[in-house]
Amino acid sequence: MRRETYAILARTLPFLIYMSFVALLEIPTLFGSQAMSQGFLIESYPLKISMAAAALFLFRKSYTDLKLKPLADAKMTALSVGVGLAVFIVWINLNVPWAIQGELTTYDPTGDYQGLSLWLILCFRVMGAVLVVPIMEELFWRSFLVRYLAGKNFVEVKPGTFTLFSFSVTALLFGLEHQLFIAGIVAGIAYNYIYWKAKNLSHCVLSHAVTNTLLAAYVLLTRSWHFW
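Just so you know, we're using our numbering here: the sequence shown kicks off at 73 and counts up by one.
Be careful, since some hints might not be right.
As the list claims (entries may be wrong) - Listed below are the simulated SDA-like cross-link pairs for lysine to any residue, each with C-alpha atoms no more than 20 Å apart in a straight line:
#  : residue 1 : residue 2
1  : Lys-133   : Leu-203
2  : Lys-139   : Pro-231
3  : Lys-141   : Val-153
4  : Lys-269   : Met-148
5  : Lys-120   : Leu-85
6  : Lys-271   : Asn-225
7  : Lys-147   : Lys-133
8  : Lys-269   : Phe-129
9  : Lys-141   : Ala-281
10 : Lys-139   : Gln-251
11 : Lys-269   : Pro-231
12 : Lys-133   : Leu-85
13 : Lys-120   : Gln-251
14 : Lys-269   : Leu-236
15 : Lys-139   : Phe-129
16 : Lys-139   : Lys-269
17 : Lys-230   : Thr-77
18 : Lys-271   : Ser-134
19 : Lys-230   : Ile-80
20 : Lys-230   : Phe-129
21 : Lys-120   : Ser-189
22 : Lys-269   : Gly-223
23 : Lys-120   : Ala-288
24 : Lys-141   : Ala-127
Hints are computed from structural coordinates only; laboratory data are not their basis.
Build the full structure now, drawing on both the sequences and the hints.
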């Protein structure tokens, strides 16, 4: 397998696995049937996140642009944390009708699950949101798509390199991936900025993880399940 092909697969497969489960929820409605049940949404999450995590682990040696060393830059790390906090604030305040596409899918396991099963479900949901999703999405959107749109051979494009086209398209598509699409576009712009500023993927993952950690805490404390 060619080096570029393998690098593309490493950055797209975890994301595609994750999104295939999302598609399963919507496909029945395209044929006039009822959407998958709330139970399917909740119970499929551990499998979805485990399969995505397994793919990330399988391709881990390919992620040469994802290292811990850049996080030693205290100034850039502080900026990344601050941007992650700002995105969280924007996210919970853009929960308004004109900023939402479709009907919000609510991930609320408290009605049908109790005890150990509830704790396990919530643990998978939090770990997925905080640890797996930021890595998976940043590898797809920033490490792959931004560079793919900026140059023919994306592995030769330096991290943090943008064209106006690659910046705009990835921010827009990142937003459209989420039901809170306006908040998603803002987040896409913010994480693109971090990628441009830091010139590495690690700070993007950190910023994204800060947003998701705060959002997870907010959901659990306020029971605002619609944000999940």
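Inset, instruction - Output the numbers, in ascending order, of every earlier hint that fails for this structure. - result: When the structure is compared with the hints, numbers 7, 8, 10, 20, 24 turn out to be violated.
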